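Student: Each chain is listed here by its residues.
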Amino acid sequence: MTTATVPASARATATAPASARRPRLRGVAAERVFIGRSLIHSVRDVEALLMAVVLPTMLMLMFTFIFGNAIDPSGGYVDYVVPGIILLCAGFGAAGTAISVSRDMTTGIIDRIRTMPLRSGAVLTGHVVESLVRNLVATAVVIGVALLVGFSPNATPLEWLAVVGVVALYILAITYLFAAIGLAAASPEAASGYGFILLFLPYLSSAFVPVDTMPEWLQWIAENQPITPVIETIRSLLLGTPMGDSAWWAVGWCVLIIVVAAVWGAWLFRRKAGRR
Amino acid sequence: MELAIDVRGLRKQFGRTEVLAGLDLAVPKGSVFALLGPNGAGKTTTINILTTLVAPDAGTAIVAGCDVARAPGEVQQRIALTGQSAAVDEVLTGTENLVMMGRLSGLTRRAAKARAAELVHRFDLEAAADRRVGTYSGGMRRRLDLALSLVVDVPVLFLDEPTTGLDTRSRQELWAVIRTLADAGTTVFLTTQYLEEADRLADRIAVLDRGRIAAEGTADELKARVGGDVVELRDADGVLVREIPTDGSVHGLRAAIDELDRASVGGAGVDGVQVSIRRPSLDDVFLAITSGAEASTPELVEAK
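As they're listed, the protein sequences go chains E and X.
Going by the UniProt record's numbering, the first residue of the first sequence is number 1, and it counts up by one from there.
Going by the UniProt record's numbering, the first residue of the second sequence is number 1, and it counts up by one from there.
The hints are simulated quantities; they were obtained by calculation from the structure and are not laboratory data.
All values reported here derive from a predicted model rather than from experimental measurement.
For every residue, glycine included, the Cβ atom is placed at its ideal position computed from N, Cα and C.
A few of these clues could be false.
What the hints assert, rightly or not - Computed list of chain E residues with no C-beta within reach of chain X, every gap over 10 Å:
1) P73
2) T156
3) N224
Said to hold, decoys possible - Cβ-to-Cβ under 10 Å is the rule here; a few derived chain X residues that face chain E:
4) T45
5) Q77
6) R78
7) M101
8) R103
9) S105
10) R132
11) V154
As the list claims (entries may be wrong) - Which residues of chain X face chain E? A few of them, derived with a C-beta cut under 8 Å, are:
12) V54
13) G73
14) Q76
15) I79
16) L81
17) S85
18) A86
19) A87
20) V91
21) L104
Make the full structure from the sequences, and use the hints.
Tutor: Next up, the structure:
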């Protein structure tokens, strides 16, 4: 039965002779396209965007108004907790990157990209830059709400700039880590599961209560994990608490995480070529 | 004869499993070539190597005049791949998908938009062009997926099981599109588990069995390999009761019909039997070629 009704698509007419070539993309052309794509994803996924802002905001309000007076009866708890909330916010937001990366790696999209003459890793760059932009916006909203409920920082414009820098560096570090987790995970669901573990780290830091109120064995963990120096740095910049060597530790940890995650991620990315 | 794809002695092993055990293929320019085989025969691995996704362990593969192992970048400029699972971005609209692929293929924003509009029309996606792909039906997704490979008219197109999971109408539409592409001079290399698809679409067919080419040729050549005609016995409702392959000789035919006679006399209740003789189908070829490997062919499905 070769006489099926002629389908509509058969009106496809012969076009140019099949001899065209894809030029190799120069510079950061591919990165620009993928960043644009990820940003469209970001804007269209209204729920994720809302969660990235609402969840940390609710947590902040809860800590300030429910636990705040119990932890610090003098009423200054909001100042203490905001830097921690900022980092929590970045963590929540970056977790989404693991899912987006995993989704790309487990569908045919990545195969098509890998068979084109361009840096296929650019698709990951798109997700990382998107996460940075989205989380900076979310952080700004959270800080705005904090100011409304009584957060009173005494930072100079220069110190604010430094805060943005440290927060951006932290977002990049945790995003790279989540991107690598997304590459390692077998499915988007698994990626979201692994990512959850990382989100506990802020609770084991000086984010919500000073480290010296914890049991001794926990103090050691809290003092030596990467999030505590980042929080202490932000706290010092915003509120003028003692800085010590926190800034060095904060930058050092973030750079180390970025390097490790990037090397691990690049290895995973190469290894997974052709397998899904 | 100029070759678009020239593969010699290709080998690939994953762990201890030998997936390709010395594959040879020659695909003439501008033809449709079907790689036919059951699941696990090595079809996707072959495509992955030819499209530079995976490096071969041994052997050479020249695609569009370039060596996949030595000059993967050159090969990538001349091929397009539509893989087994749809490579479409579900959050973007159909047009946005096409424009993105155009930009990644080096077109300017304007050229990419113009090309997208053209492909949307050609693939009958106008009504859905501005809807998110997440809302598309399976057939629409597949059409868009194929359109994404045609953003640039590359000389060699790879399609990995292009119609798996599609309904009859979508499948025939896609066949028509693929045929048109080949007529315009594109070399199409496709894999399929559907015998009918290979029969209808391909100029040449290779049967892949356990990592080797078990047979290769046109559909007719392959059918001729099985030899003679097949005698069929059908009941009053036209349902196939029995089929007996013959060696094609008069004696063979007579023997087959005698056997049917005995069977229908002995088997009570078979009324109004019709006997017919037909040319062997690709099914017969496939079973003949891969016999002894039945265990590995349970997924083989026939296209309706």
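Student: Each of the hints needs a verdict: does it hold here or not?
Tutor: Now the hints, each set against the structure:
Separation of P73 of chain E from chain X is adequate, the least Cβ-Cβ distance of about 48 Å exceeding the 10 Å criterion. In this structure T156 of chain E is separated from chain X by more than 10 Å, as the shortest Cβ-Cβ distance comes to about 41 Å. Distance check for N224 of chain E against chain X: the nearest CB is about 40 Å away, which clears 10 Å, and the non-interface claim stands. Using the Cβ-Cβ criterion of 10 Å, the hint placing T45 of chain X at the interface with chain E is satisfied: the shortest such distance is roughly 8 Å.
Because the smallest distance between the Cβ of Q77 of chain X and any Cβ of chain E comes to about 4 Å, under 10 Å, the interface hint for this residue holds. Of the supplied interface hints, the one on R78 of chain X holds, with its beta-carbon coming within about 6 Å of a beta-carbon of chain E, less than 10 Å. At a threshold of 10 Å, the smallest CB-CB gap from M101 of chain X to chain E is about 8 Å, leaving the interface hint in force. Checking R103 of chain X against chain E: minimum C-beta separation of about 5 Å stays under 10 Å; hint holds.
Nearest Cβ of chain E to the Cβ of S105 of chain X: about 5 Å, under the 10 Å cut. The hint holds. For R132 of chain X, the suggested interface contact is upheld, since its CB lies about 8 Å from the closest CB of chain E, less than 10 Å. The beta carbon of V154 of chain X comes within 6 Å of a beta carbon in chain E, closer than 10 Å, and the hint placing it at the interface holds. Hint status for V54 of chain X: holds, given a least beta-carbon distance of 4 Å to chain E, under 8 Å.
Given the 8 Å rule on beta carbons, the hint for G73 of chain X holds: about 5 Å separates it from the nearest Cβ of chain E. The restraint placing Q76 of chain X at the interface with chain E holds, with a minimum CB-CB distance near 4 Å, inside the 8 Å limit. For I79 of chain X, the suggested interface contact is upheld, since its CB lies about 7 Å from the closest CB of chain E, less than 8 Å. With its C-beta approaching chain E no nearer than about 5 Å, L81 of chain X sits inside the 8 Å limit, and its interface hint holds.
Taking 8 Å as the C-beta contact cut-off toward chain E, the hint placing S85 of chain X at the interface holds, the least distance being around 4 Å. Taking 8 Å as the C-beta cut-off, the interface hint given for A86 of chain X holds, the closest approach to chain E being about 6 Å. Here the hint on A87 of chain X is kept, as its CB sits about 3 Å from the closest CB of chain E, short of 8 Å. Taking 8 Å as the C-beta contact cut-off toward chain E, the hint placing V91 of chain X at the interface holds, the least distance being around 5 Å.
Given hint, L104 of chain X at the interface with chain E, holds; its Cβ is 6 Å from that chain's nearest Cβ, closer than 8 Å.
The structure is consistent with each of the numbered hints, conforming to all of them.
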